[in-house]
Amino acid sequence: MATTEQQQPISQSWRDADRWVSWARRQAAVLIIYGLTAIVTVVAAVYSPTFWTFSNITDVLRQSIVLGLVTIGQLFVMLAGGIDMSVGMIARVVGLATAVVLTWDILPPYLVLTLGLAAGAAIGLANGALVTRFSAQPFILTLGMMGILYGAALAITDGPTGLIPFSLLQIYEMRLWGVPLAVFAMALIWMIAWWILARTRFGRSVYAVGGSPTVARLSGLNGERVVMFSYMISGLMAAAAGIFLLTRSGVGNPNMALGLEFRSIVAAAIGGVSLYGGRGSLVGVLGAVLLISIISNVFDLFQISPYFRDLALGLIVVLAVAINRSEKNV
Amino acid sequence: MTSGNEKNCKAAPIDQAPLLQLRGVNKTFSGVTALNHVDFDLMPGEVHALAGENGAGKSTFIKIISGAYTPDTGEIEIAGEHVRALTTHRAQQLGIAVVYQEFNLLPDLTIAENMFIGQLPGDRFGSYSPRRAYEASRQILAQLGSSIDPNRLVGELSVAEQQMVEIGKALAMNFRIIIMDEPSTVLAGEELDQLHRVVRRLRDDGRSVIYISHRLDEVLSLADRITVFKDGERIRTADAEEWDHDSLIHAMIGRDLVDFFPDRAAPGEKELFRVDGLTVTGKIFDVSISVSRGEIVGIAGLGGSGKTTLCRALVGLETRSDGTVEMDGDPVPASPRQCAAAGLVMVPEDRKLQGIFAGRSLAFNLTISALDRLKTAFFLSFARETRFVGRSMVDFDIRPANPALDIAKLSGGNQQKVVLARWLSRDPKVVVLDEPTRGVDVGAKAEIYALIEKLAESGAAILIASSDVTELLGVCDRILVFHQGRLVEDLTRKQASEEAIIRAATIAPEPGRKPVLEAAC
Amino acid sequence: MTEALETRPANLDRRRMDRAAYAFDWLSRYAAFSAIIVCLMIATVFAPAFFNFGNLRAVLIQTAILGIVVLGQTTVVIGRGLDMSVAATMTFAAVLVSQASLSGDYGLMILQCLALAIAAGVANGLLIVWRGVPPFVATFAMLIVIDGARLAYSRGQSAGSAPDWVIGLGAGSVSGIPIAIILWLALLALFFIALNFTSWGRWLYAVGTNRVAARHAGIPVKIVIMSTYLATGAMATLAGVLLSGYVGYIDNTLGANYNLNSMAAVIVGGVAFTGGRGGVLGASMGALLLTIMVNLLVVLRFELFWQQIVQGSVLVIAVVIQGLRQRRADRT
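Those sequence lines, one after another, are chains A, D and H.
Position 38 (the first sequence) corresponds to 38 in this note's numbering; numbering is contiguous.
Position 87 (the second sequence) corresponds to 87 in this note's numbering; numbering is contiguous.
Position 23 (the third sequence) corresponds to 23 in this note's numbering; numbering is contiguous.
Isolated chain A (complex conformation):
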């Protein structure tokens, strides 16, 4: 931190060298993930002529938006000590419902989108309320919620549905200096999320509550409210991802957002977020999201059979969780 240099010498046992060592240890997960991302990028650039082109890179960035949105939400929940299995289905239900309502053409499109976001936040809030008020186990509860929402999605439609107004399709296509506008928007969202986690009382409380609910309570924090808010953010972000998916495909696809819950947990875990809460950084998660997006882009470029992709992804995940030995092991 820049301010420390102006202070008088702090403690003899705590010198610059120690500070660097401590920083490196603290950021180990982040450093590893960015190192890996760099390696994958270089390898891809060397072996594929199309990878390191402006249009492909902007495409990778745009492809990373859906996963990024959901993972930011998942990060809040996981930092607060929970898990959200319902994000994929929230994205699907909100996406499909928005598509259907847009087709009716009775409300202004942007109002419909806002309502969609609100619906996602409300579902997240319901998750949070059930988890905190009834001490329900988060994983199983949100798994049940995932089942209910899957049913709701089937109830809305079992085939492609909805006709999206042209103005909304522009969300996906609009460009500034050749870069999709959505990428700038996503960058802004990453920055806002960072600011919330690092620079607001709520953000620091999320870490505190996830780190130790008891200590947080003894320090006068309202843990239940923090947890509830984290699920609400997760629902909101999932809804945003669902809507963004809609602007990409143009129709409500009943298979949309498949496996998003898993990929968001994977991204968070690879990004160094503790599965027990209280530890993890947004920067690491950003690296993980980029890494996953680049890898799937590389799969596309090298035309790897989709049947091997899941296996590869699964093996990467198993390796990642196996290497990241958790300290709460008994």
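Everything labelled a hint here was simulated from the structure, so no lab data went into it.
C-beta: ideal position from N, C-alpha, C; glycine also.
Any given hint could turn out to be false.
Here are some of the chain D residues that sit facing chain A, going by a computed Cβ distance under 7 Å [as the list claims (entries may be wrong)]: (1) Met43; (2) Asn104; (3) Asp108; (4) Leu109; (5) Gly118; (6) Ser127; (7) Val159; (8) Glu161; (9) Asp372; (10) Leu374; (11) Phe378.
With the hints as your guide, set chains D and H onto chain A.
For chains D and H alone, kept in the frame of chain A given last:
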């Protein structure tokens, strides 16, 4: 003051009203009296030490003051205000902070954030300002005479530094009453002096400190007043000058404790159990012990001295990085399961966490380590189980003698008897007991001592780790004293005294301090 | 004595709390059984077709297949874990069946199924006991791996049909009793005996109740936990074969619902997600309940999506009841 209490409570200075006052506080846990009609008052700007054996009621007492327990009867007044329902939250509002032995800190946040987590300082946009938190915590640490960088993560700090942060947290919330539960057990040398300076500084600021310690020298030199607890009662409160070593020990132990323990026959000479150069990286170093058949050996030491690590390492619950453990000349295996099969068992210190299976029946808890004896061919035999459980309950006098009862509903003493019975029914050759009477009522204590005695007579070798020195003096043939992971003293029954043990446990043999690890550059 | 109790408000409070605790305890223990009764009453009034011989037979065979998965899942949950990879294992087993029906090499198929069961169980178990990965993450990751391995193995060509003898296993009968049900009941008896009358069962309950104390008590904790994941791997593989036989054809979504359903059956059947509590009889009741509910929805001509909603709701309600029960237990 109109309070009707004129028992041996020292008259408070007339110009000051007590900051904290307790009258006739009682607390019982499932029939066991933890506090019996305790009166107490705390003046502004005083260091008030609490002394007493383990189980004397000190921790129950501070849990009542901090709102963690509600007293059964009695009154609490804080700053002249009668407090009816004291919760932890309410106690905090009233300015009471507790610095526990195990710190309430968040290892993944910085020092500054830990200090202010409940009330993070904001900037003009209302968001949290790390810079202001940094400055504020810097000031507080300076107040405490510490120069740690507040941007460090708490998880990286030494125990002494963490303690400083914990005290700083209490200051950040501007608490008037700071309760310190055995803050000095983990400290030595310069760190200890530093803590004493901090406590005096708090007092000079007009704050009140309740200080709990087992180190009598420290209590006498640091405190303004000292209150001694014994068996849940307040024995005496007086100015520190009116106390000395002998009167403190006398008040803490009382006279009747000597006949509390069974008489001991001289142990056999034949060596049964031998530990050579046992080391657990970073925790215990080069420990060598020899125990004979029928001998009871005590292990004394402060918290963090390695007592528990030693017990765990003996049965393989901690990885032995060096050294050998032998029983009857054969090396002891490295897992609790194989150790038990070989006849070496360990009764763990934390009964609730490591000992009992709460929510399961007494019978389940009794038999879980002896299932091989209940088997006919492949299946467990209920007839055998019933017989086994019945015999154990008689042998160990477990009450209530209802095999189907949830073990969590038993008293601490009876729970401990179940855990003992679980192991002893295997007729082990070597028994390691870690804090066997912690949280056990007086009656059950005597029974447990008698059991240990009987076991030794039957030829087993016994090791007892305990922080209750009088217990060790009463039961053991020999007492080994540990200090910072090393065996520093081996006292026979004749040589051993409370003073000798405490001296060895608190003072490092070589005054030279552990070298600070320097970065190689 | 009772009079004195009733006049004191503190005791009244306590009694009220006891009653609530008792109610939650009862609910978490007998929820499945009482819900089955309610379903049967609804069926009597609104859907007499439910009681057709053919329909009842279908319900029982479906219960048997879910019930076999639930047996494994129950042991895992008693040990304070959970297995999210059962659906993937089932589907893979079904794909192995369909491949074998093309090649006709059934000896190889049996070997492959054995290898699948053991590989899934060992991989889950190792990740959990050796690397300390939380069970849901480990088994979830294995779900992806097994699904991926299946796709890679079959190149996506999973649609096929089951050979006659497998259809016989899944849908056939011996002297009027469907083979699947015989298998289920036999395995149920086996698990019941193992859980209640062997050291392994006691150990498992001890590990689920308090893992640290179990280690201190000399229980081979890691082996016990490992064994539960092997049990789910084996049961899921067997259920996958039976399901492919019962349905008669194989596709990529066969078995997809069994993660949610087996969890729901176990939890609603009174097995606590906090470990150490419940048994296979209750969980089997849960399996029966879920099958009856889904079947009723079909008989009553509800649309398909209601099945999902009902299954999810059962899980949510069951986990909320258990949470409240746990909260009461913690308070006292």
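Structure versus earlier hints, numbers of those that do not hold, lowest first
1, 7, 8, 9, 10, 11
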